[in-house]
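**Student:** The listed protein sequences correspond, in order, to chains A and B. Sequential numbering from 4 applies to the first sequence in my numbering. Sequential numbering from 4 applies to the second sequence in my numbering.
A hint or two may mislead.
Note that identical chains are pooled: a pair holds if it fits in a single copy or bridges any two copies.
Computed list of lysine to any residue pairs in SDA-like fashion (alpha-carbon distance at most 25 Å, straight line) [said to hold, decoys possible]:
id	residue 1	residue 2
1	93	71
2	322	402
3	64	199
4	200	78
5	224	186
6	224	373
7	449	373
8	98	78
9	377	129
10	253	6
Because the hints were derived from the structure by calculation, they are not lab data.
Protein chains: 2
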Amino acid sequence: MNEYKAILSEKDIPREWYNVVADLPFDLPAPINPATGKPLKKEDLSAIFPASLIEQEMSRKRWIGIPDEVRDIYRQWRPTPLRRARQLEKFLKTKSRIYFKDESASPTGSHKTNTAVAQAYYNKKAGIKKLSTETGAGQWGAALSYACNAFSLACRVYMVKVSFHQKPFRKSLMHIWGSDVVASPSELTESGRMILKKEPHCQGSLGIAISEAVEEAAKNKHTNYALGSVLNHVLLHQTIIGQEARKQLKAFEEKPDYLVACVGGGSNFGGFVFPFIKDKIKNNALNIIAVEPTACPSLTRGIYDYDFGDTARLTPLLKMFTLGHNFMPAGIHAGGLRYHGCSPLVSALHDNGLIQARAFNQLEVFKAAIIFAKTEGIVPAPETSHAVKAAIDIARQDKKGKCIVVCFSGHGFLDLASYDKFLSGELKNYALPLCEIKKALKDLPKF
Amino acid sequence: MNEYKAILSEKDIPREWYNVVADLPFDLPAPINPATGKPLKKEDLSAIFPASLIEQEMSRKRWIGIPDEVRDIYRQWRPTPLRRARQLEKFLKTKSRIYFKDESASPTGSHKTNTAVAQAYYNKKAGIKKLSTETGAGQWGAALSYACNAFSLACRVYMVKVSFHQKPFRKSLMHIWGSDVVASPSELTESGRMILKKEPHCQGSLGIAISEAVEEAAKNKHTNYALGSVLNHVLLHQTIIGQEARKQLKAFEEKPDYLVACVGGGSNFGGFVFPFIKDKIKNNALNIIAVEPTACPSLTRGIYDYDFGDTARLTPLLKMFTLGHNFMPAGIHAGGLRYHGCSPLVSALHDNGLIQARAFNQLEVFKAAIIFAKTEGIVPAPETSHAVKAAIDIARQDKKGKCIVVCFSGHGFLDLASYDKFLSGELKNYALPLCEIKKALKDLPKF
Numbered sequence: 004m005n006e007y008k009a010i011l012s013e014k015d016i017p018r019e020w021y022n023v024v025a026d027l028p029f030d031l032p033a034p035i036n037p038a039t040g041k042p043l044k045k046e047d048l049s050a051i052f053p054a055s056l057i058e059q060e061m062s063r064k065r066w067i068g069i070p071d072e073v074r075d076i077y078r079q080w081r082p083t084p085l086r087r088a089r090q091l092e093k094f095l096k097t098k099s100r101i102y103f104k105d106e107s108a109s110p111t112g113s114h115k116t117n118t119a120v121a122q123a124y125y126n127k128k129a130g131i132k133k134l135s136t137e138t139g140a141g142q143w144g145a146a147l148s149y150a151c152n153a154f155s156l157a158c159r160v161y162m163v164k165v166s167f168h169q170k171p172f173r174k175s176l177m178h179i180w181g182s183d184v185v186a187s188p189s190e191l192t193e194s195g196r197m198i199l200k201k202e203p204h205c206q207g208s209l210g211i212a213i214s215e216a217v218e219e220a221a222k223n224k225h226t227n228y229a230l231g232s233v234l235n236h237v238l239l240h241q242t243i244i245g246q247e248a249r250k251q252l253k254a255f256e257e258k259p260d261y262l263v264a265c266v267g268g269g270s271n272f273g274g275f276v277f278p279f280i281k282d283k284i285k286n287n288a289l290n291i292i293a294v295e296p297t298a299c300p301s302l303t304r305g306i307y308d309y310d311f312g313d314t315a316r317l318t319p320l321l322k323m324f325t326l327g328h329n330f331m332p333a334g335i336h337a338g339g340l341r342y343h344g345c346s347p348l349v350s351a352l353h354d355n356g357l358i359q360a361r362a363f364n365q366l367e368v369f370k371a372a373i374i375f376a377k378t379e380g381i382v383p384a385p386e387t388s389h390a391v392k393a394a395i396d397i398a399r400q401d402k403k404g405k406c407i408v409v410c411f412s413g414h415g416f417l418d419l420a421s422y423d424k425f426l427s428g429e430l431k432n433y434a435l436p437l438c439e440i441k442k443a444l445k446d447l448p449k450f
Numbered sequence: 004m005n006e007y008k009a010i011l012s013e014k015d016i017p018r019e020w021y022n023v024v025a026d027l028p029f030d031l032p033a034p035i036n037p038a039t040g041k042p043l044k045k046e047d048l049s050a051i052f053p054a055s056l057i058e059q060e061m062s063r064k065r066w067i068g069i070p071d072e073v074r075d076i077y078r079q080w081r082p083t084p085l086r087r088a089r090q091l092e093k094f095l096k097t098k099s100r101i102y103f104k105d106e107s108a109s110p111t112g113s114h115k116t117n118t119a120v121a122q123a124y125y126n127k128k129a130g131i132k133k134l135s136t137e138t139g140a141g142q143w144g145a146a147l148s149y150a151c152n153a154f155s156l157a158c159r160v161y162m163v164k165v166s167f168h169q170k171p172f173r174k175s176l177m178h179i180w181g182s183d184v185v186a187s188p189s190e191l192t193e194s195g196r197m198i199l200k201k202e203p204h205c206q207g208s209l210g211i212a213i214s215e216a217v218e219e220a221a222k223n224k225h226t227n228y229a230l231g232s233v234l235n236h237v238l239l240h241q242t243i244i245g246q247e248a249r250k251q252l253k254a255f256e257e258k259p260d261y262l263v264a265c266v267g268g269g270s271n272f273g274g275f276v277f278p279f280i281k282d283k284i285k286n287n288a289l290n291i292i293a294v295e296p297t298a299c300p301s302l303t304r305g306i307y308d309y310d311f312g313d314t315a316r317l318t319p320l321l322k323m324f325t326l327g328h329n330f331m332p333a334g335i336h337a338g339g340l341r342y343h344g345c346s347p348l349v350s351a352l353h354d355n356g357l358i359q360a361r362a363f364n365q366l367e368v369f370k371a372a373i374i375f376a377k378t379e380g381i382v383p384a385p386e387t388s389h390a391v392k393a394a395i396d397i398a399r400q401d402k403k404g405k406c407i408v409v410c411f412s413g414h415g416f417l418d419l420a421s422y423d424k425f426l427s428g429e430l431k432n433y434a435l436p437l438c439e440i441k442k443a444l445k446d447l448p449k450f
């Protein structure tokens, strides 16, 4: 196909989410209830999630139908385009063919909207009145605000304090959609108050914000919690990305040699690559590459063990690659990748050698982002730029004319202050000494 | 068609621009050279424009071919979607069917990219090394920066000083694409220095920034000037919007009853409606509505006469609806609509009764924008929100089920600070007393 982009029609929006658990060649370690030390039961989650989402979280069914009400909202922007990055190819003088699946085309500018809409729908159906959540840079908070507005749910977002002040404009989006946005740690929760007592000027972290949001949901009957990544049901909802991309690659008459996506909690990565996992199992030549920041290198330098998902130790124990729930990542501008752990599903794929991981530092990532913006015209989010950097490296080394497909998780229109800092030379790389990682890993729970 | 959006394929990107001059049922008043008082000659423009664009500016040919190199860049994002605003319709409980042609899908977030790419191409082909231009809120400066980068031209943008400081992020975009951005009035030009001498704290205006950019181009052999609106060739390039929209409406099996777009200089309005003008001449039931701010009401309260396009009186005289080239509009957040005049083509259509004009004040416009953002999920630029407001009013009054089509000229991701101010109650309306208009109109040139 000679076109620059494969778009497909609304009929091609998937009718089912794909549950990769059904096709894994290994058993997935179960989450553990920290109180009992035993595998988590459905009822352990019922204070914060509706039964339908708990069902999905634990399901082994291969295909899970997408409700019409959810699909109807997806139709506003899906299918997202798969674009051929011809100008980038030309600039790199590469033999590679580079494609990017453009999730930045969603109303809130990132892939997060895919699961936000689904979670808001199921909670509304369960009679819930309000959702609480955490957000870092604000992609997830904006997406959930949009979705809650669509289903007339109230929404409170605990936004990591440093981002609350540094990234005011995703907060503006949340306000437009009617959400209540609070800087975390806050005085509203016990977890928040405890941390502020110890450290009054604490700038917050995703782990702390999760603790506050979970606590609010657990304590209020009509409030549930919504998570933007990590858990199985979240990644499940994102699999529409990979399903569409597979169809679009066929329209281009392509088979991918490389799939590349950035990883924080793992939701855009999982949603993009899971629908290709059967291909990988059949043909090991397919390279699936997870890209993370050197400042928060859970896959490349963490260990694979049970850990809490949050700082206040309120969540179940998840077996995952982790740097320890007390690990405090440096203040890199890819706020969405500043999470100590990684989705259990993605972690298990990595542990089983089905995917590879690479880490890049902040400056080389922004340099790649500028190349992308100058050639393809779209400014990538700092998170997304990690995937762009990896793809550019692969294309530069490719002598054979490979097909590289990138998940373009979001645009950087609301991250331009970070670009200003990069262009004016104010940004730096962060060294992460082994001793710091070792220190954080000492706090792993024993049971 | 039951879909939410008509997208078309790249084959449907127009191969020609449509020159409405060929089909006008009246003669278009010629521009005047202020030095001679006689109709402008091609050579009068050759210091600042390449011959190819001057040819287009004066052409009476109906169709003008789009060069492959330009079309090739259009393919990165065109055709833009025509979207059915079903959620907005539901919210309004209207019988109307509302569509919007989504020009916000371009790399720089607005329709401005359409002509920027064409102008950069023709200048490059003419051996020009650098383009100079003005910008208000920054949509045009960002678009021209993107286009200059694509064709390896240097670019200097004179940005109205108040926006330079208030809207830093469109400036960031221009920096990413390699442009040199200067606050106007500046010390770099005679026009700038003259104004600063009189008024050292002058916050600038589009009229002043145009003077500076034109002066730089006129004085430098290898530098040309590029304008983002007003002139015939600029509106010509924008006609791909209306051509695509016509095809897409056919895919929806629709005939429009209302075409609605905002008007500053008139480029998104002209590009959108010109391809429908023959329909209007055949069938007067089609309503074509230009929407402007009450703070800068050239069509609704200006006069139709010859005036300069800039403050320092460097441009030719154009017959247009104008408030006078010394008119200083209030600091409304729709910076792109703060221009004293209006495209001669759009003005002539208005004078001949082929289009109607409406004006709205700032607060009702933002209120409409919030409704749109909450229902359709896309935050409109403050300029675009004027068209949204008019469409909502029409839909609310419609008892018959009309088809309303809006030109959605740009998104508001880089205007969120304005939304913050609206939501916190800091914005206000601006009354514009008749005496102020009368005062500015006194300066109209006599010849």
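**Student:** Confirm or reject each hint.
**Tutor:** How the hints compare with the structure:
In this assembly of identical chains, residue 93 and residue 71 lie within 25 Å of each other by CA distance solely across copies; the values are 17 Å between and 42 Å within a copy. For a Cα distance limit of 25 Å, the shortest separation of residue 322 from residue 402 qualifies neither inside one copy, at 39 Å, nor across copies, at 60 Å. When the C-alpha separation of residue 64 and residue 199 is checked against a cutoff of 25 Å, the pair qualifies neither within a copy, at 44 Å, nor between copies, at 71 Å. Neither within a single protomer nor between protomers do residue 200 and residue 78 lie at most 25 Å apart by alpha-carbon distance, with minima of 47 Å and 56 Å respectively.
Proximity of residue 224 and residue 186 under a CA criterion of 25 Å is satisfied intra-copy only: 23 Å inside one chain copy versus 55 Å between copies. Taking CA atoms no more than 25 Å apart as the test, residue 224 paired with residue 373 passes in neither setting, with 47 Å inside one copy and 31 Å between copies. When the C-alpha separation of residue 449 and residue 373 is checked against a cutoff of 25 Å, the pair qualifies neither within a copy, at 45 Å, nor between copies, at 50 Å. In this homomeric assembly, residue 98 and residue 78 come within 25 Å of each other (Cα to Cα) only across copies, at 21 Å, whereas the closest approach inside a single copy is 35 Å.
With identical chains, the CA atoms of residue 377 and residue 129 are at most 25 Å apart between copies only, with a shortest distance of 23 Å across copies and 47 Å within one. In this assembly of identical chains, the alpha carbons of residue 253 and residue 6 lie at most 25 Å apart whether taken from the same copy (13 Å) or from different copies (23 Å).
Of the numbered hints given earlier, the model fails hints 2, 3, 4, 6, 7; all others are met.
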